Amino acid sequence: VATLSDLRAWVAMSMPDLADLLEGRGVATVVNLAVVHDPRHPVTDADEVAFLPPMSGG
Amino acid sequence: MLVRIVNGAFDPQVEQAAFVAGRTDAGALVGFVGYCRGTTARDAVESLFLDYYSPFTENEIGRILKDVGARYDVLDALVIHRVGLMKPGDPIVLVAALGIHRNQAFEAVRILMDYLKTDAPLWKREDGPEGRRWIEPNADDYARRAAAERGDG
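Sequences listed follow chains A and B, in order. Just so you know, we're using our numbering here: the first sequence kicks off at 31 and counts up by one. Just so you know, we're using our numbering here: the second sequence kicks off at 1299 and counts up by one.
It should be emphasised that the hints constitute simulated quantities derived from the structure, not laboratory data. Please read all numbers here as calculations on a predicted model, not as lab measurements. C-beta: ideal position from N, C-alpha, C; glycine also. The reader is advised that the hints may include incorrect statements.
[Claimed, not checked] Only some residues are given here: those of chain B computed to face chain A with a beta carbon under 8 Å: (1) Thr-1322; (2) Gly-1387; (3) Val-1391; (4) Asp-1417; (5) Trp-1421.
Looking at chain B on its own, in the form it has when it is part of the complex (with noise of 0.2 Å):
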């Protein structure tokens, strides 16, 4: 299980060639890649800053993957979160499971997306031509955790 903050770019195709290099158990790589929108249901985004507390973050994303990892018994899971300033089409986040079998991997990478977008301590403020905004999680994201909780997400 693996947790990383980067501050700049990321390539989501090598982090998941590097995340089952090697590894002969698994049968199934997923991997789910999160990217900044250039627009919004309210208006326009130039581009996005996204802040965090360390070691805060990182302790507090990592006990949400180790929760998940083993309610989904899957053989590893990494997430790798951008932070600072970023541009529309730029990828955010990267959420990766391996498992022996594909549906384990399947629902501990949508799961796991789920959470972060409630539970992860980040700070997200889009800038566009209407100024500056900062984001906070909607009604949607938390009936979509509570969904997951019951499992019926």
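Chain A with its partners taken away, still in its complex shape (with noise of 0.2 Å):
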């Protein structure tokens, strides 16, 4: 696992059962705290990521 794409095949293949949220409509993905858009961004193991489901405001 060396990118983002990466990590996102990784964690669907691994947990089936996010496959199909991890690729719907209006999931933001953010490393070390920062919104990430380019899939072919790199993660280490010193990384925090996060996918968000889509955010429903306050």
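Taking the hints as your guide, dock the two standalone chains into a single complex.
Dropping the structure here:
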């Protein structure tokens, strides 16, 4: 796993229940608390990555 | 500028009093309190659950607060947002602004709320007799924010 798209594929494979959710509309990807749009963005063991479902707002 | 996420009840009156305490430069305090409603257009709501992602949620709300505060030239602004499980009648959010005069403070609070409705990283679930439902911003929320950005909101 070297990039965000690798990580997404790995999560989808390891946790099949999440696969459809990850592909859903409006899923945002956040690396070290910053939104990242590029699926080729590199990731390492030291990074915190979050796949956020569509937000509801306040 | 202060953002606080609270997991549990808060008292908007106490928070507003603390926000303005000791200041002699402000001529206006405008506060908006959003409450948990017991009904929606579709069905009854028994409880509301709000999830968040710390400190991303605080950071993003802080960014909105800073932008709007600077744009409307307020002395200070405050967002307190409750998360976790709450019941109809509970305060969910307090947005307050201090201004030298009232107009800037009124505008800042209104625009802050418009942004929070669409851009705050919060996840809201309504629990009712029909089951549980996760909520997304509606078309009206986006239209209001777009109007606010154009300056005719």
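query = Against chain A, is B/Thr-1322 within 8 Å by beta-carbon distance?
reply = violated (31 Å)
query = If you take the shortest Cβ to Cβ gap from B/Trp-1421 to chain A, is it below 8 Å?
reply = At 5 Å from the nearest chain A Cβ, B/Trp-1421 passes the 8 Å test, so the hint holds.
Proposed interface contact between B/Gly-1387 and chain A, which counts if any beta carbon pair is under 8 Å = violated (18 Å)
task = Against chain A, run the beta carbon of B/Val-1391 and see if the smallest gap drops under 8 Å.
result = holds (6 Å)
query = Per the CB criterion, is B/Asp-1417 less than 8 Å away from chain A?
reply = holds (7 Å)
Comparing the model with each numbered hint stated earlier shows that hints 1 and 2 do not hold.
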